[in-house]
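Number of protein chains: 2
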Amino acid sequence: MSDPTVVRGPSMRAIPEGDDRERMICADCGYVLYDNPKIVVGSVPRWGERILLCRRAIHPRRGYWTLPAGYLELNEATSAGAEREAWEEARAKIAIEGLLAIYDIPRISQVQLIYRARLVDEAVAAGPESLEVGLFEWEGIPWDDLAFPSVRWALHHEQEARQSGDLTTRFAPPLDLAAQSRE
Amino acid sequence: MSDPTVVRGPSMRAIPEGDDRERMICADCGYVLYDNPKIVVGSVPRWGERILLCRRAIHPRRGYWTLPAGYLELNEATSAGAEREAWEEARAKIAIEGLLAIYDIPRISQVQLIYRARLVDEAVAAGPESLEVGLFEWEGIPWDDLAFPSVRWALHHEQEARQSGDLTTRFAPPLDLAAQSRE
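Those sequence lines, one after another, are chains F and G. So in my numbering, spot 153 of the first sequence is number 153, and the numbers just go up one at a time. So in my numbering, spot 9 of the second sequence is number 9, and the numbers just go up one at a time.
No lab work stands behind these hints: they were computed from the structure. This structure is a prediction, so every number in the text was calculated from the model and none was measured. Note that beta-carbon positions come from the ideal geometry of N, C-alpha and C, so glycine has one too. One or more hints might be untrue.
Stated by the list, open to error - With a straight-line Cα cutoff of 35 Å, these simulated DSBU-like cross-link-like pairs (lysine-lysine) come out:
id, chain 1, residue 1, chain 2, residue 2
1, F, LYS93, G, LYS38
2, G, LYS93, F, LYS38
3, F, LYS38, F, LYS93
4, G, LYS93, G, LYS38
5, G, LYS93, F, LYS93
To be verified - Now the stretches of chain G that chain F is said to cover, found in silico as 3 or more residues with beta-carbon under 8 Å:
id, segment
6, 84 to 93
7, 156 to 162
Kindly produce the complete structure, drawing on both the sequences and the hints.
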């Protein structure tokens, strides 16, 4: 390692030979970083009429409430990732029931896959990334202290799916609006 | 650039400080590559009773038939990516109708999101990555010359969704089998 105190990595922007768009390239060794959108996997875990939420112990949005979710790891199936996050953040064992929603956040190159799930038992506890966890009735959800807009979307989509019986996957932004804005 | 003929990039495997699993690190500059699963977006585009397929002009599986699909780009919504791939590979204009399936392929860290779609008009033509394109009735699909297992899964899932009217998102491997194998 030439100088371990200088960490640069792919920091130069250029179009590699045979490609059609700019990529980040390392000026030290010529390595081309084919960066990709990131996948967040999560769930809306339900115990009867109550939903599991976690109060974040980490930045961003420390102290605010969220659903268990996080980045999918290499060599991990999306449903397994959602189960892992529920365990890591809330010591919760969940059973995945279906795909509730896809939230596209292209501004930050993120795709969120949120599953419907039920808690396998009621015992939950804060993991290292949570200050506390709780099971909330709809009216008791801390609506003013949710960490991210997608937490609100998922809670409303899950409620709507359950009440209507329509278990098709939801989208944000909604698909038909997206089509209209392109026409 | 120390020696532009030697391109190594992150090629050393180690656990970075504060992390809990091995990542690829560049021995030249210390850059840590937080590699992530990749998202493939695609569609099953339908024109009446016929489905659009493309014969691949590129490796892997050159000469075999596939659905229009490819890697999601940075800052791209998943449905927009599926539309882009249909245009690039088959000069097809499609209208996305909903999420047909998620195929988890953790062995190669890939997640495929396959949409149901209809062709907006019948005019299609081979793009640069296709040798030819065609609209196939179910019986005419070149079943023995499909490029990937997921093409077969998607064709069967789409047929099943349309015939049953059940438009919930499908999974491969199926969710319930995945749960059983973990117990």
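Non-conforming hints, listed in increasing numerical order: Hints 5, 6 and 7 not satisfied by this model.
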